[in-house]
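*Asks:* Chain by chain, the residues:
Number of protein chains: 4
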Amino acid sequence: MDTPKKQYWKTKLHDIIYEAETPAGKLFDVVLLITIITSIILVMLESVNSIDIKYHNFLNISEWIITILFSIEYIARIITVKKPFKYITSFYGIIDLLSTVPKYISLIFGGVHALAALRALRLLRIFRILKLARYLGASNNLVNALKASRAKISVFLFAVLIIAIILGTIMYLIEGEENGFSNIPKSVYWCIVTLTTVGFGDIAPQTPLGQFIASLVMILGYGIIAVPTGIVSAEYSTQKKSKKESKNQKVHLNSLSCVNCMAEKHKDGAQFCYKCGHNLHND
Amino acid sequence: MDTPKKQYWKTKLHDIIYEAETPAGKLFDVVLLITIITSIILVMLESVNSIDIKYHNFLNISEWIITILFSIEYIARIITVKKPFKYITSFYGIIDLLSTVPKYISLIFGGVHALAALRALRLLRIFRILKLARYLGASNNLVNALKASRAKISVFLFAVLIIAIILGTIMYLIEGEENGFSNIPKSVYWCIVTLTTVGFGDIAPQTPLGQFIASLVMILGYGIIAVPTGIVSAEYSTQKKSKKESKNQKVHLNSLSCVNCMAEKHKDGAQFCYKCGHNLHND
Amino acid sequence: MDTPKKQYWKTKLHDIIYEAETPAGKLFDVVLLITIITSIILVMLESVNSIDIKYHNFLNISEWIITILFSIEYIARIITVKKPFKYITSFYGIIDLLSTVPKYISLIFGGVHALAALRALRLLRIFRILKLARYLGASNNLVNALKASRAKISVFLFAVLIIAIILGTIMYLIEGEENGFSNIPKSVYWCIVTLTTVGFGDIAPQTPLGQFIASLVMILGYGIIAVPTGIVSAEYSTQKKSKKESKNQKVHLNSLSCVNCMAEKHKDGAQFCYKCGHNLHND
Amino acid sequence: MDTPKKQYWKTKLHDIIYEAETPAGKLFDVVLLITIITSIILVMLESVNSIDIKYHNFLNISEWIITILFSIEYIARIITVKKPFKYITSFYGIIDLLSTVPKYISLIFGGVHALAALRALRLLRIFRILKLARYLGASNNLVNALKASRAKISVFLFAVLIIAIILGTIMYLIEGEENGFSNIPKSVYWCIVTLTTVGFGDIAPQTPLGQFIASLVMILGYGIIAVPTGIVSAEYSTQKKSKKESKNQKVHLNSLSCVNCMAEKHKDGAQFCYKCGHNLHND
Numbered sequence: 001m002d003t004p005k006k007q008y009w010k011t012k013l014h015d016i017i018y019e020a021e022t023p024a025g026k027l028f029d030v031v032l033l034i035t036i037i038t039s040i041i042l043v044m045l046e047s048v049n050s051i052d053i054k055y056h057n058f059l060n061i062s063e064w065i066i067t068i069l070f071s072i073e074y075i076a077r078i079i080t081v082k083k084p085f086k087y088i089t090s091f092y093g094i095i096d097l098l099s100t101v102p103k104y105i106s107l108i109f110g111g112v113h114a115l116a117a118l119r120a121l122r123l124l125r126i127f128r129i130l131k132l133a134r135y136l137g138a139s140n141n142l143v144n145a146l147k148a149s150r151a152k153i154s155v156f157l158f159a160v161l162i163i164a165i166i167l168g169t170i171m172y173l174i175e176g177e178e179n180g181f182s183n184i185p186k187s188v189y190w191c192i193v194t195l196t197t198v199g200f201g202d203i204a205p206q207t208p209l210g211q212f213i214a215s216l217v218m219i220l221g222y223g224i225i226a227v228p229t230g231i232v233s234a235e236y237s238t239q240k241k242s243k244k245e246s247k248n249q250k251v252h253l254n255s256l257s258c259v260n261c262m263a264e265k266h267k268d269g270a271q272f273c274y275k276c277g278h279n280l281h282n283d
Numbered sequence: 001m002d003t004p005k006k007q008y009w010k011t012k013l014h015d016i017i018y019e020a021e022t023p024a025g026k027l028f029d030v031v032l033l034i035t036i037i038t039s040i041i042l043v044m045l046e047s048v049n050s051i052d053i054k055y056h057n058f059l060n061i062s063e064w065i066i067t068i069l070f071s072i073e074y075i076a077r078i079i080t081v082k083k084p085f086k087y088i089t090s091f092y093g094i095i096d097l098l099s100t101v102p103k104y105i106s107l108i109f110g111g112v113h114a115l116a117a118l119r120a121l122r123l124l125r126i127f128r129i130l131k132l133a134r135y136l137g138a139s140n141n142l143v144n145a146l147k148a149s150r151a152k153i154s155v156f157l158f159a160v161l162i163i164a165i166i167l168g169t170i171m172y173l174i175e176g177e178e179n180g181f182s183n184i185p186k187s188v189y190w191c192i193v194t195l196t197t198v199g200f201g202d203i204a205p206q207t208p209l210g211q212f213i214a215s216l217v218m219i220l221g222y223g224i225i226a227v228p229t230g231i232v233s234a235e236y237s238t239q240k241k242s243k244k245e246s247k248n249q250k251v252h253l254n255s256l257s258c259v260n261c262m263a264e265k266h267k268d269g270a271q272f273c274y275k276c277g278h279n280l281h282n283d
Numbered sequence: 001m002d003t004p005k006k007q008y009w010k011t012k013l014h015d016i017i018y019e020a021e022t023p024a025g026k027l028f029d030v031v032l033l034i035t036i037i038t039s040i041i042l043v044m045l046e047s048v049n050s051i052d053i054k055y056h057n058f059l060n061i062s063e064w065i066i067t068i069l070f071s072i073e074y075i076a077r078i079i080t081v082k083k084p085f086k087y088i089t090s091f092y093g094i095i096d097l098l099s100t101v102p103k104y105i106s107l108i109f110g111g112v113h114a115l116a117a118l119r120a121l122r123l124l125r126i127f128r129i130l131k132l133a134r135y136l137g138a139s140n141n142l143v144n145a146l147k148a149s150r151a152k153i154s155v156f157l158f159a160v161l162i163i164a165i166i167l168g169t170i171m172y173l174i175e176g177e178e179n180g181f182s183n184i185p186k187s188v189y190w191c192i193v194t195l196t197t198v199g200f201g202d203i204a205p206q207t208p209l210g211q212f213i214a215s216l217v218m219i220l221g222y223g224i225i226a227v228p229t230g231i232v233s234a235e236y237s238t239q240k241k242s243k244k245e246s247k248n249q250k251v252h253l254n255s256l257s258c259v260n261c262m263a264e265k266h267k268d269g270a271q272f273c274y275k276c277g278h279n280l281h282n283d
Numbered sequence: 001m002d003t004p005k006k007q008y009w010k011t012k013l014h015d016i017i018y019e020a021e022t023p024a025g026k027l028f029d030v031v032l033l034i035t036i037i038t039s040i041i042l043v044m045l046e047s048v049n050s051i052d053i054k055y056h057n058f059l060n061i062s063e064w065i066i067t068i069l070f071s072i073e074y075i076a077r078i079i080t081v082k083k084p085f086k087y088i089t090s091f092y093g094i095i096d097l098l099s100t101v102p103k104y105i106s107l108i109f110g111g112v113h114a115l116a117a118l119r120a121l122r123l124l125r126i127f128r129i130l131k132l133a134r135y136l137g138a139s140n141n142l143v144n145a146l147k148a149s150r151a152k153i154s155v156f157l158f159a160v161l162i163i164a165i166i167l168g169t170i171m172y173l174i175e176g177e178e179n180g181f182s183n184i185p186k187s188v189y190w191c192i193v194t195l196t197t198v199g200f201g202d203i204a205p206q207t208p209l210g211q212f213i214a215s216l217v218m219i220l221g222y223g224i225i226a227v228p229t230g231i232v233s234a235e236y237s238t239q240k241k242s243k244k245e246s247k248n249q250k251v252h253l254n255s256l257s258c259v260n261c262m263a264e265k266h267k268d269g270a271q272f273c274y275k276c277g278h279n280l281h282n283d
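Chains as they are written, first to last, in the numbering used here: chain A, 1 to 283; chain B, 1 to 283; chain C, 1 to 283; chain D, 1 to 283.
Hints should not be assumed to be uniformly reliable.
Keeping only pairs whose Cα atoms sit at most 30 Å apart, straight-line, the calculated DSS-like set for lysine-lysine is [what the hints assert, rightly or not]: (1) C:Lys12 with C:Lys82; (2) D:Lys103 with D:Lys26; (3) D:Lys152 with A:Lys147; (4) A:Lys26 with D:Lys152; (5) D:Lys26 with C:Lys147; (6) B:Lys26 with A:Lys147; (7) C:Lys54 with C:Lys6; (8) A:Lys26 with D:Lys147; (9) A:Lys147 with B:Lys6; (10) C:Lys147 with D:Lys147; (11) C:Lys10 with C:Lys83; (12) C:Lys54 with C:Lys103; (13) A:Lys147 with D:Lys12.
Hints are computed from structural coordinates only; laboratory data are not their basis.
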């Protein structure tokens, strides 16, 4: 369908957008990174009333520039990917869309509050540029340790929740509405605030019995914080050891990504995509 | 005493209620789980005044339905168990009774506050359905680690309590009633709030000397949190290793429970109950 | 100097007071334990105004009974020990004295506030009865782990203090008196409150810059809590291992204490005191 | 350029100031330590209004004495070092200058607030005297453990920051200005306060939905505190083991420092500076 020249430009653009190791690709990533961070700072500043009043025009124009840049990027991504629909429905595809849409909608419906803040989701795009997943690849054991302890931590958190509901109900009975424990959900909220040792103090027990039970809750919370820590710590140690033992795990990954299916983490020297079999070096 | 047909139905019902692996048993567990969670949400909503006023009738009727369902289940459990008295006096037997009784009592004495909240104890029944103990069986090392470190953690908590009483008394002497430390129990309460790094802030030292000692308390609390964490972490590591070493620990447990004595965690292929010797497969 | 009969009674009394393994010694310890705990509860209740007004006489008489009991015990201890002066100047000797004196002084000077609370120090006597040190002997690795990591934890706490002073000074400059950071010591206090994640909230940054730096302080505090935990955890693991390796460490200690020098933790079957050479079984 | 006598005195002075093992050097260090601590206490006291008014003259004169002492020390350091410029531009050189300058400037511009507090930076000089780095040398594994886990902790803190921004924005949308979440930066600040379990309570969610999300934030914060702890703990264990294995690491360092380039941590018996080749024992 495409002429060879068009095809050439598409491949070129694909390299710039999706690859991180060519000079152009690196530049693209850095520019994108700066744009995203600028955009987040703008969203933040806009929410500060005194700043918004003073610099409204500047903020508005900057936001339009960023929105247009993101729109161009979004379209470029759709064009250069071989399977655009797959990209559009992917996690990053949706985030990319949500990064551009709010400003356009505000043209029609006016500056809706919630829409403006939606732009903070742009922050999630940072993960793509930093390819944090790959960076974490170096500390894969941490991720593995968390995965290995996920089930246990879930059971632990579930137990914490049940403790919070039961103790929250007891506190509601003891303290009652006149001391701020106006209903069970609020008491449970207080109990979580206390168990996690956050302790806002907006609600605090006033009766001696309430303070006694609160003390038990605090000591309990102080004690059980040891559990997730112990689990992660032990699992992480295990991961480190097992990695040491199997030295043949050191497979070098390059930063190429397949033009066809967008798969990443190809082995060094790989000729074909491990996922779709597309020739990686011969587009 | 029972006719064979009656006996058949009793066994059938027993399977549904106590076993988790037949389709009927699974369905029963799921329905019970939903009922318990619904009932807890109802108790919570009822305690919120604004909701209670609006939807009083709906909440009242739902509560009656749940109470009747629980009553039926309670009676069914008594009938199908061979030793009903043992069930009634068991932990879950009492919880089951407490789950149904409050609504009936409210008929006679009116909607007593404390009774309503008693229903939150229904939450404890969740543990039976989820057979959490068994699920935790997979992460048995955690339980063992906690058991192994129980004694040390007790000594640790006891030491924390003594520190709290002595430092609380000192703070009472320094700060006095005018700064909120109105008596020793309250000062001890404040000390626990601070040692556990909760820090509500409803009572806070105002004098320079008081703030200096408070700083010491905080740093102490910040330091000693390392102790239980270190213990659990190390014990857990040990448990993991010892488990690895003894591979013959992997005894598969099934989800049967004895009709005679309600014992659970029978080995796979066990013919007789390990507790009372009752034939498990030949009721 | 002493007649044989007197000598006999002294040895008898010494056994009751200082030994824990004879029936009389055990009874003495239990009675003393109950007296101490009762006395602490009395001190606490006395500090609560509403209770003190109601039950003043009861509290006063109980306190006199306890004071007299403690006085008798103190004199008995002096008589039965071979080196009374050593006992009087020892840590527990001073605590014992401080446990009895306040009530007598209150006769002369009236019920001075501070004196009353001094009685809370009686709690320290519990350690002697429980011989907690020995109980901890079972979990000696914990004590060793803490000892081994003492130096590092000191350096760590010292670094925390320096961070608190420097960041406290910065916060004082940024927030100033109008936001509660009225002087540097108070700012440092706030900084410790925040670093240890206690967070009373009686002083809280109000300016954007102050809140930004506060965020850094919090994340720092959240991060460095890992350090003491990691140290204790690792040291404790090491202690456990080294204990396993050297099986010949299991030296059984008995609960005898030398009549001559009061040294404890004699090996089972030891004939002479390891400290002063006094014959342990031949008083 | 220098006469032999002058040269002799310079070397002598260098030994006193830079070496810690001669009696004169030790005395110098102790005096300096006391001066620095006194000076910090003065800065602190000066900031307390009530004290400053009472003892203004005493504080002012003491401060002048300390400033002059520090000035003399600063000049002496410049004279005795072979490469003065390198010292002046070094970290400690700048700290030393900042320790003396504020009081002189206050002569011209009056007692500027910020200048006074700048003197708190003197505290940093303590690190030089204590040669904490060397002391930590004993617990080098801790430093290595922190270095080894630096990358992972950075990624972790970065993830925490992103979570804080996104959850902060959500809380801003839910709670809004009327409940204290007046703009996104403030909401993010609140989110960090909560995630780190500090919980000042100056801002606290009021709406049920806000309290529900706050509960999630707290449990998240409570859970992820396990991650840095687990990392440091595991890395520290590894460091300890690897140190045990390689016994030949025990290189004794002496406390000499090169007159030429000020390099420290020379091996015992080293004849020449490892950095600049200067003869260490033949000045």
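*Asks:* Each hint should be assessed against the structure and marked as holding or not.
*Replies:* Outcome of the hint check:
1. C:Lys12 with C:Lys82: Since the Cα atoms of C:Lys12 and C:Lys82 sit roughly 13 Å apart, the hinted pair holds (cutoff 30 Å).
2. D:Lys103 with D:Lys26: holds (28 Å)
3. D:Lys152 with A:Lys147: This hinted pair holds, its Cα atoms lying about 16 Å apart.
4. A:Lys26 with D:Lys152: Holds - the C-alpha atoms of D:Lys152 and A:Lys26 are around 23 Å apart, at most 30 Å.
5. D:Lys26 with C:Lys147: holds (28 Å)
6. B:Lys26 with A:Lys147: holds (28 Å)
7. C:Lys54 with C:Lys6: With a Cα-Cα distance of about 47 Å, the restraint between C:Lys54 and C:Lys6 is violated, given a limit of 30 Å.
8. A:Lys26 with D:Lys147: holds (28 Å)
9. A:Lys147 with B:Lys6: violated (50 Å)
10. C:Lys147 with D:Lys147: holds (24 Å)
11. C:Lys10 with C:Lys83: holds (13 Å)
12. C:Lys54 with C:Lys103: holds (20 Å)
13. A:Lys147 with D:Lys12: Given that 30 Å is the threshold and the Cα spacing comes to 62 Å, the pair is violated.
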